[in-house]
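Chemist: In case you want the letters, here they are:
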Amino acid sequence: MSLIKYESFVREPLVDGEKTYNQVTEDIVYTIEAKPTRLWYIGFYISIALLLFGVYSLYRDVTYGIGQWNLGKTIGWGWDITNFVWWVGIGHAGTLISAILLLFRQGWRTGVNRAAEAMTIFAVICAGQFPIWHMGRVWMAFFVMPYPNTRGPLWPNFNSPLLWDVFAISTYFTVSLLFWYSGLLPDLATVRDRAKTKLRKLLYGIASFGWSGSTKHWQRHESLSLVLAGLSTPLVLSVHTIVSFDFATSVVPGWHTTIFPPYFVAGAVFSGFAMVQTLMLITRRVMNLQDYITLGHIEAMNKVIVLTGSIVGCAYLTELFIAWYGANPYEYDIFFKYRIAGAYGWSYWLMMTCNVISPQLFWFKKLRRNIGFTFFMSIVVNVGMWFERFVIIVSSLYRDYLPSSWSLYYRPTIFEIGFYLGTFGLFFTCYFLFSKYFPVIAIAEIKSILKTSGESYKEKMADLENLSVEEFYAKTHDHH
Amino acid sequence: MIKQQFEIPAGYKKWTYGLLAVGIVAFIAGFIFLGMSKNEHDQTRFWAVLLQNSVYFLLVCNAAMFFICAITLAHGGWSVAFRRVPEAISAVVPVFAILAFLVFLGLILGHRHDIYHWVDKEAVAHDKILTWKKGFLNPTFFFIWTIITLCVWTFTGMKMRKLSRKADEGPMSAEDAKRYTWNNTVWAAIFVVFFALTVGSTIPWLWLMSLDAHWYSTMYSWYTFASTFVAGIALIALFIIFLKNHGYLEYTTREQLHDVGKFIFAFSIFWTYLWFSQFMLIWYANIPEETIYFKIRFQGPYRGFFFLNFIINFCAPILILMTKGSKRNYAVMTFMSVAVILGHWLDFYQMVMPSTVGENHNLGWFEWGILALYIGMIMFFTGRALTKAPLVAKYHPYLKESIIHHT
Amino acid sequence: MDIRKFVVGSFDDEAVLFPAVKKVRKAGYKIHDVYTPFPVHGLDGALGLRDTSLHTAGFVYGLTGLTTALSFISWILTRDWIQNYGGKPHFSLPAWIPIMFELTVLFSAVGMVLTFCYLCQLAPFVKKHVFHPRATDDLFVMVIECTSKTNVKETEDFLAAAGAKEVNVQIAEAGWWLGRYDQDRHLFDNKSETVTA
Numbered sequence: 151m152s153l154i155k156y157e158s159f160v161r162e163p164l165v166d167g168e169k170t171y172n173q174v175t176e177d178i179v180y181t182i183e184a185k186p187t188r189l190w191y192i193g194f195y196i197s198i199a200l201l202l203f204g205v206y207s208l209y210r211d212v213t214y215g216i217g218q219w220n221l222g223k224t225i226g227w228g229w230d231i232t233n234f235v236w237w238v239g240i241g242h243a244g245t246l247i248s249a250i251l252l253l254f255r256q257g258w259r260t261g262v263n264r265a266a267e268a269m270t271i272f273a274v275i276c277a278g279q280f281p282i283w284h285m286g287r288v289w290m291a292f293f294v295m296p297y298p299n300t301r302g303p304l305w306p307n308f309n310s311p312l313l314w315d316v317f318a319i320s321t322y323f324t325v326s327l328l329f330w331y332s333g334l335l336p337d338l339a340t341v342r343d344r345a346k347t348k349l350r351k352l353l354y355g356i357a358s359f360g361w362s363g364s365t366k367h368w369q370r371h372e373s374l375s376l377v378l379a380g381l382s383t384p385l386v387l388s389v390h391t392i393v394s395f396d397f398a399t400s401v402v403p404g405w406h407t408t409i410f411p412p413y414f415v416a417g418a419v420f421s422g423f424a425m426v427q428t429l430m431l432i433t434r435r436v437m438n439l440q441d442y443i444t445l446g447h448i449e450a451m452n453k454v455i456v457l458t459g460s461i462v463g464c465a466y467l468t469e470l471f472i473a474w475y476g477a478n479p480y481e482y483d484i485f486f487k488y489r490i491a492g493a494y495g496w497s498y499w500l501m502m503t504c505n506v507i508s509p510q511l512f513w514f515k516k517l518r519r520n521i522g523f524t525f526f527m528s529i530v531v532n533v534g535m536w537f538e539r540f541v542i543i544v545s546s547l548y549r550d551y552l553p554s555s556w557s558l559y560y561r562p563t564i565f566e567i568g569f570y571l572g573t574f575g576l577f578f579t580c581y582f583l584f585s586k587y588f589p590v591i592a593i594a595e596i597k598s599i600l601k602t603s604g605e606s607y608k609e610k611m612a613d614l615e616n617l618s619v620e621e622f623y624a625k626t627h628d629h630h
Numbered sequence: 016m017i018k019q020q021f022e023i024p025a026g027y028k029k030w031t032y033g034l035l036a037v038g039i040v041a042f043i044a045g046f047i048f049l050g051m052s053k054n055e056h057d058q059t060r061f062w063a064v065l066l067q068n069s070v071y072f073l074l075v076c077n078a079a080m081f082f083i084c085a086i087t088l089a090h091g092g093w094s095v096a097f098r099r100v101p102e103a104i105s106a107v108v109p110v111f112a113i114l115a116f117l118v119f120l121g122l123i124l125g126h127r128h129d130i131y132h133w134v135d136k137e138a139v140a141h142d143k144i145l146t147w148k149k150g151f152l153n154p155t156f157f158f159i160w161t162i163i164t165l166c167v168w169t170f171t172g173m174k175m176r177k178l179s180r181k182a183d184e185g186p187m188s189a190e191d192a193k194r195y196t197w198n199n200t201v202w203a204a205i206f207v208v209f210f211a212l213t214v215g216s217t218i219p220w221l222w223l224m225s226l227d228a229h230w231y232s233t234m235y236s237w238y239t240f241a242s243t244f245v246a247g248i249a250l251i252a253l254f255i256i257f258l259k260n261h262g263y264l265e266y267t268t269r270e271q272l273h274d275v276g277k278f279i280f281a282f283s284i285f286w287t288y289l290w291f292s293q294f295m296l297i298w299y300a301n302i303p304e305e306t307i308y309f310k311i312r313f314q315g316p317y318r319g320f321f322f323l324n325f326i327i328n329f330c331a332p333i334l335i336l337m338t339k340g341s342k343r344n345y346a347v348m349t350f351m352s353v354a355v356i357l358g359h360w361l362d363f364y365q366m367v368m369p370s371t372v373g374e375n376h377n378l379g380w381f382e383w384g385i386l387a388l389y390i391g392m393i394m395f396f397t398g399r400a401l402t403k404a405p406l407v408a409k410y411h412p413y414l415k416e417s418i419i420h421h422t
Numbered sequence: 002m003d004i005r006k007f008v009v010g011s012f013d014d015e016a017v018l019f020p021a022v023k024k025v026r027k028a029g030y031k032i033h034d035v036y037t038p039f040p041v042h043g044l045d046g047a048l049g050l051r052d053t054s055l056h057t058a059g060f061v062y063g064l065t066g067l068t069t070a071l072s073f074i075s076w077i078l079t080r081d082w083i084q085n086y087g088g089k090p091h092f093s094l095p096a097w098i099p100i101m102f103e104l105t106v107l108f109s110a111v112g113m114v115l116t117f118c119y120l121c122q123l124a125p126f127v128k129k130h131v132f133h134p135r136a137t138d139d140l141f142v143m144v145i146e147c148t149s150k151t152n153v154k155e156t157e158d159f160l161a162a163a164g165a166k167e168v169n170v171q172i173a174e175a176g177w178w179l180g181r182y183d184q185d186r187h188l189f190d191n192k193s194e195t196v197t198a
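Chains as they are written, first to last, in the numbering used here: chain A, 151 to 630; chain B, 16 to 422; chain C, 2 to 198.
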């Protein structure tokens, strides 16, 4: 086992400033121990207000029925399913950052993984609301579960993608939660052990499950994280794949296309990263964490955004091409008459601009490292990704096979919008509470990379850097 | 002392020339007995086999360059110790590009409508769908885009290899190293973007999907990419193990092999994911225009290959490469790499053959002979490329990270 | 209760800790545990701990999930309540793959986390003795267990010589108990003396 701490001098440091292990703890736990700022309260109350509006909208929905929404004859899925897919998509970045980037050994994930995982969980909670409340008689929602019942027993249809979704989303939620919380245990113990007030000691004592930092426990913890990462990687792919199956298994022009699974996954990662970017830019500023979420982190995430945006673009063009190449008149019409033109054509072009064209600006290093521009783009991308789902759903549905059932122009009611805004309230309420009561950055993980990637430590590596390869090899392998 | 310069061992030479001899004999015999045969089925078989092998191995070798570029873009340091290996494999691309191009010339100028139905003008005129597709499926576009593609792959690949040689010259200052990394990134980005425009979309449509000129699947190109990428990584693993066994690549350890094994493992699952998604969606929707592709493969004479494909390319890697020990074991990794390369060769076999030779498929002397020819060529040209540069880019800014790499 | 006597040495640098672990083990002391604020790579090896087989358990749980899903769904759709869904065969495996996969992952993940918590004795309201409150902050805390033959003074000196910044003797419960971190249960007379090195 080599004790040599080395990282190439070409790499940007991941932790800026002179930091000791203790300083890392102080910086990150500070927000938990201090009183929230005024800004925090303002944000929190706005979120609560939005949440209450959402609750009222749902109250209308449950008491008066789905008629409160403007779903039409052919558009049986409108804003609700658009929002569902949008939120699930956002819920992909967290697991991607923690799992896939862990497996790919991208050191910069340590700065953002905790918050991204939390965001994942909140986004999935928001996503889950839409199919549940869309059921109408929501008190019968448990019918989707396969359990011995007095109706036969009549089982749900295991061949239906909608049931796959039930399994996929609930599994994803559970596994993400476990992954997130098992990672939190050591950090909660850190908060516990330095707590000054009795209440904090009590609560963090309960929450940290009696974590002690024993070497054996760390060994198991690492094995657990690695396997959970390995499991989460195909899981995160499967979730949006199954969401795409909701559409792609059906024989509906514009929906039935084989590229949907990987393309949905790429889109999900794309929008998820944009949301992480939005939150991180605010978090680092409000909580003074610029040393841990550096420009390098932001640039790395922008690179992922341009990558996934381009993959999505490749898929859009593939679909468009095959709609022509396939020579199927129905497919052709959907794409060339109702998507790029037609009543909802504006939404297609909005989607193209936001998702494919504008992210290409991130090819420029200057723009990738520009905070204001990044913040603007992170919102643009999420607008675009919302419209992607809207385009897929509405433009394929509003022209049915029977012209007699072609629907009127679909506009959401205030309660459809209210429900959507309500999930924003829910999401941000959860995020604000999280950022107040939990370490927003994985303390232990930052410490484990500190001496290889911390700014002040990198300067001390000059000796190693100046060694010739042979000397370096000899030095690092002398114990054999 | 570290052995920097690769010298081709006698045993390797013997195998290379042996395979080449077998391959050339098979090719000549194939040309005489199949290509010039009066029997149309024999002719189709001759050309289909050439097409399958030339496209498959071209894409596999090009995948090695994609591997380098993807890692360069991600600023991966771990693989620098063996980076010259995928570079040498990618040096085969120009050769295979020419060979593939010759095959295309033969197919299209020879009006092989039994392979590419759309080259038959008469048939196209009477076929509404093919007439509709004429804008894409026509010899002119086919040639122009194929030539551009092959040239750009060759050129950008050469550029990346040339850049890599700069790291042999001498120590770099911090400024130089940063500029060097940046240059690498720029060219890798150009390669990857073009790769997406070709392998990630148009090229598999043009070269392979158009074998079933009526059929279409949006997934097809990404599926082809996944298939050749995992085989490309397996090829890299084989050469690493070979070089290690001959005392080269001292800085490459089991740690790197372990990570290469993870790649094979992960991308085998990724391939299966695309394989399943494409199959399941077509099976589920059950539209005759689409299911026709799987009818012959899943229910017809290729049923055996269909399941063999799944077993070799999914069941074997996932079960065998799951443990840490197996990914660090030379013998297991060699076995799995060979299996994966052959498995995806079979995958291509069942992509090409059902659409061309159809029911008259025959996995016989000619198929194995041409496979031997291509393996011999890979060994010959990769081996030659390996001798031309030091095996380790000594002054690469990430080399030291690669040396202390630890999984 | 399992109350024992420990000599506790705290290090502030993992580069000092590693040689110290080697020396202490060579000298024949019995290391109870080393508490660190983050996973120190290779420390488990240095302490002579065997590899964990948690991942093997995960594999077994995964297989259980897979089998559960396949047998449950096939029993329902081919025996218990046969229905024609879209003209597909009753045993339509491709359509079951998604749920089979999800249950594999679910069983594996939940099973592993529970096993992890069981093995490490982690649960709400579980309490363990904190040898040093900064073991979760910036100190690497080596705990040596005293046997009847141990010379405590010598051990302390040995640790200090090995580079420990802070050395003391604690009498503590070695296992876990149900308790709250805001309350100290006086199980025993906790005498500790600190020697600063």
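The set of hints was computed from the structure by calculation and includes no laboratory data.
In this text, a Cβ means the ideal position worked out from N, Cα and C, and glycines have one as well.
You may find that some hints are simply not true.
[To be verified] Think about it this way: if two alpha-carbon atoms lie no more than 25 Å apart in a straight line, the pair counts; the simulated DSS-like pairs of lysine-lysine are:
#1 A:K346 x C:K128
#2 C:K6 x C:K89
#3 A:K487 x B:K259
#4 A:K515 x A:K453
#5 A:K625 x A:K185
#6 A:K625 x B:K409
#7 B:K409 x A:K155
#8 B:K29 x B:K177
#9 C:K128 x C:K27
#10 C:K27 x A:K366
#11 B:K259 x A:K625
[Claimed, not checked] So these bits of chain A aren't anywhere near chain B, every CB distance computed over 12 Å:
#12 G380
#13 I432
#14 E615
#15 T626
Chemist: All the hints need checking, so say for each whether the structure fits it.
Modeler: We went through each hint and held it up to the structure:
1. Only pairs whose Cα atoms come within 25 Å are accepted, and K346 of chain A paired with K128 of chain C is accepted, the gap being roughly 18 Å.
2. The straight-line distance between the Cα atoms of K6 of chain C and K89 of chain C is roughly 70 Å, outside the 25 Å bound, and the hint therefore fails.
3. Between the alpha carbons of K487 of chain A and K259 of chain B the distance comes to roughly 59 Å, so the proposed pair goes past 25 Å and is violated.
4. Straight-line distance between C-alpha atoms of K515 of chain A and K453 of chain A comes to about 9 Å, which keeps the hinted pair within the 25 Å bound.
5. A threshold of 25 Å between alpha carbons decides the hint, and for K625 of chain A with K185 of chain A the separation of about 49 Å lies outside it, so the pair is violated.
6. With a CA separation close to 16 Å, the supplied pair K625 of chain A and K409 of chain B stays within the 25 Å bound.
7. Restraint check for K409 of chain B and K155 of chain A: satisfied, since their Cα atoms lie roughly 20 Å apart, inside the 25 Å limit.
8. The straight-line distance between the Cα atoms of K29 of chain B and K177 of chain B is roughly 30 Å, outside the 25 Å bound, and the hint therefore fails.
9. For the hint pairing K128 of chain C with K27 of chain C, the CA-to-CA distance comes to about 32 Å; that exceeds 25 Å, so the pair is violated.
10. Taking the CA atoms of K27 of chain C and K366 of chain A, the gap is near 20 Å; set against the 25 Å cutoff, the hint holds.
11. Taking the CA atoms of K259 of chain B and K625 of chain A, the gap is about 22 Å. The hint holds against a cut of 25 Å.
12. Not every Cβ of chain B is farther than 12 Å from the Cβ of G380 of chain A; the closest lies at roughly 9 Å, contradicting the non-interface assignment.
13. With a least beta-carbon separation of about 27 Å from chain B, I432 of chain A lies farther than 12 Å from that chain, consistent with its non-interface assignment.
14. Once the 12 Å rule is applied to beta carbons, E615 of chain A is inconsistent with being away from chain B; the minimum gap is 8 Å.
15. Chain B draws T626 of chain A into its interface by the beta-carbon criterion, the shortest separation being 5 Å against a cut-off of 12 Å.
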